[in-house]
Each structure stands twice: as C-alpha cells, then as structure tokens.
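Student: Chain residues, written in single-letter form:
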Amino acid sequence: MYFDSLGAALAMDGHGVYVWSAYAISLVVVVLILLVPRRRQRRFLRQLAGEQKRQQQGPTTGLEGS
Amino acid sequence: MWSFFHKLGSPPWLYRIAGTILRWLLPVTVLALCVGLAWGLLYTDPDFRQGNSYRIIYIHVPAAVVALAGYYVMAIAGAVSLIWKMKMADVALKCCAPVGAALTFIALVTGSIWGKPTWGTWWVWDARITSMLILLFLYLGVVALYEAYDNKEAAGKACAVLSLVGMVNIPIIYKSVDWWYTLHQPASIKFSGSSSIDPSMLYPLLLSIAAFYALFTCCLLLNMRAEILEREAKTGWVRKLALGDGG
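Just so you know, the sequences run in chain order U and W. FYI, the numbering for the first sequence is -1 to 64, going by our numbering. FYI, the numbering for the second sequence is 1438 to 1684, going by our numbering.
Hints in this document: simulated from the structure, not taken from any laboratory. Cβ coordinates follow ideal geometry from the N, Cα and C atoms, glycine included. Please note: incorrect hints may appear among the correct ones.
[Said to hold, decoys possible] Taking lysine-lysine and the DSSO-like style, the derived pairs with C-alpha atoms no more than 27 Å apart in a straight line are: (1) W:Lys1671 with W:Lys1589; (2) W:Lys1612 with W:Lys1524; (3) W:Lys1522 with W:Lys1594; (4) W:Lys1553 with W:Lys1444; (5) U:Lys51 with W:Lys1677; (6) W:Lys1444 with U:Lys51.
[As the list claims (entries may be wrong)] Pair ranges (Cβ atoms, derived): (7) U:Glu49 with W:Gly1456: 14 to 24 Å; (8) U:Gly5 with W:Glu1590: 24 to 34 Å; (9) W:Asp1563 with U:Gln50: 52 to 62 Å; (10) W:Asp1484 with U:Asp2: 16 to 26 Å; (11) U:Ser19 with W:Asp1484: 46 to 56 Å; (12) U:Lys51 with W:Pro1449: 20 to 30 Å; (13) W:Trp1521 with U:Gly5: 50 to 60 Å.
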C-alpha cells in the first residue's frame, strides 16, 4: 500500500475530499444502475403473477357483497 | 450462422442466454471493479505533478471510454432495428440509453471534481467537456423520446434516428483535445506508439477500463431482461415465468 495509515489514505495530502467524493458518487451511481433493472423485473413478475391469480379466481370476486 | 441470428431475434432465448451470461459476468465485474479501483486508489504512487488527485483517473477515464463505446452499441442497435426491423435490436437501443447516461454522468462529475484541485475550477466550457455534455443530452434524449410516444413502434424509430444522427458527436469528442486548445489533457493511452503513462499506473487503469466494459454489458443485459418481459407480458412463457418466479 502506498499510504502509511488510514488517516493518510483519507487525507491524500489535501486531495482526499476530491478523490473520495468522486469515488463515493460513482459508487452510488454504479449500485443504482445495477439494482434498478432487477427491482423493475421483480416487481413486474410479482404484479403479473397477481393478475393471473385474480383471473383464475373468476370474474365475480370483485362483485361480492353487492 | 443464420440460426444464430434467428435465435438472437427470439425473446425467450435472449432472456435465458442473458441470464446465463449474467450469472458469471456479474461476479467477475464486481470483483474486477473492486480490484481495479482499490489498486488505483491505494496501491499506486501519486502523480509527480498532480499529486493524489490524479487517482480520480481510475473512474473518470473508464467511465468516459465506455460511455463512448456504449454510444456505438446504441447507434448500431438503432441501425439494425431501422434496417431489418429487428425487435430485439430496438430493445437493446432502449436499454443502452440509461446506462450510457449514467456512465457519462460519472465521467462529467468525476471530471468536474478532478478539475477543481487541478485546474482551479469545477467547470469550463471547453470542447471535450461540452461535447461530453452533449453526449449526456443525447442519451437522456433517447430515454425521454421513448417516454414521449404512446406508440412504441414510432418511439423506437424516432430513437433510432436520433441515435444515428448523434453519431456526429462521437468523432468530435475523440478529436476535441487535438483540434482545439483546451485545458483537458490529451489521451495518455495510445494504440500506436508509446503511451505517456507509467506501466505501474497503466495496469490498474486498463483493468478498470475492462471492468467498466463488463459493467456496461451487465447493466445492458439486466435492463434488456426486464424490458423483454414487459414487452412479452401477454405471451405464455412470460406468464408461466411469473407464476414460477414471483407467485
């Protein structure tokens, strides 16, 4: 490792704020672009499964109690 | 050969093969990203002129390189969907746009943060930066154009045309540092001739670039899988998949 201590790695001779914030922002964006499509797919499949179950139960279910 | 193209146009096949690829490519991508970035961030020597701030290069350059490469992928997909009316090419076109926009955003933000300690300013309207900003707007334009149309076929056509017209911007980005006098430094890595970067800095950079290519591929495939399912929602195989997966 180039740096002697954690503190030196965080400070980076005064450039730490820039370097670490650049890495942090990028990390957030990368995690987002990996997670968003997976969530979208999971939500869609769940919704489609729910729709099918409601259809199987028959069209009268919505009219109960009337 | 033809059967391969035939399969490529088949949504269930593409959905499954994308899943198979992702199963090994995703862990490889995450590993390569972690190794490449940690290497650049902690294990290389600082630049003799820029000090430690140069470490931003390990995200800035890969993100910018892959944002440009992603535009090629998007424009080629656009051309294929226009010429051969291939539906899956339209899916690829639509799914490139948000990923490319995110990478361009990373390149611009990290470049801006890098500019502060190096040039003394967050932003300058120089040729390289301005043309990258246009690239971001082109990607966002494709995303917005898809949402603007109710008729998805017309949306696909409009986006394909937009992505092809936007190709004009790509050589401008590449050549901007040579054509105009700018603050932005010229490319350090060259395919021909010697690179103006020390090998100890070059290897982690190359690894990071490879990792970002893999990241783009992963995100593209993930988006395409979700998109394929939504477009094929009425078909038997998707309905069966929903009952097995989310039921």
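Student: Each of the hints needs a verdict: does it hold here or not?
Tutor: Each hint tested on the structure:
no.: 1; hint: W:Lys1671 with W:Lys1589; in the structure: holds, 16 Å
no.: 2; hint: W:Lys1612 with W:Lys1524; in the structure: violated, 34 Å
no.: 3; hint: W:Lys1522 with W:Lys1594; in the structure: holds, 9 Å
no.: 4; hint: W:Lys1553 with W:Lys1444; in the structure: violated, 50 Å
no.: 5; hint: U:Lys51 with W:Lys1677; in the structure: holds, 12 Å
no.: 6; hint: W:Lys1444 with U:Lys51; in the structure: violated, 31 Å
no.: 7; hint: U:Glu49 with W:Gly1456: 14 to 24 Å; in the structure: holds, 23 Å
no.: 8; hint: U:Gly5 with W:Glu1590: 24 to 34 Å; in the structure: violated, 59 Å
no.: 9; hint: W:Asp1563 with U:Gln50: 52 to 62 Å; in the structure: holds, 56 Å
no.: 10; hint: W:Asp1484 with U:Asp2: 16 to 26 Å; in the structure: holds, 19 Å
no.: 11; hint: U:Ser19 with W:Asp1484: 46 to 56 Å; in the structure: violated, 19 Å
no.: 12; hint: U:Lys51 with W:Pro1449: 20 to 30 Å; in the structure: holds, 22 Å
no.: 13; hint: W:Trp1521 with U:Gly5: 50 to 60 Å; in the structure: holds, 59 Å
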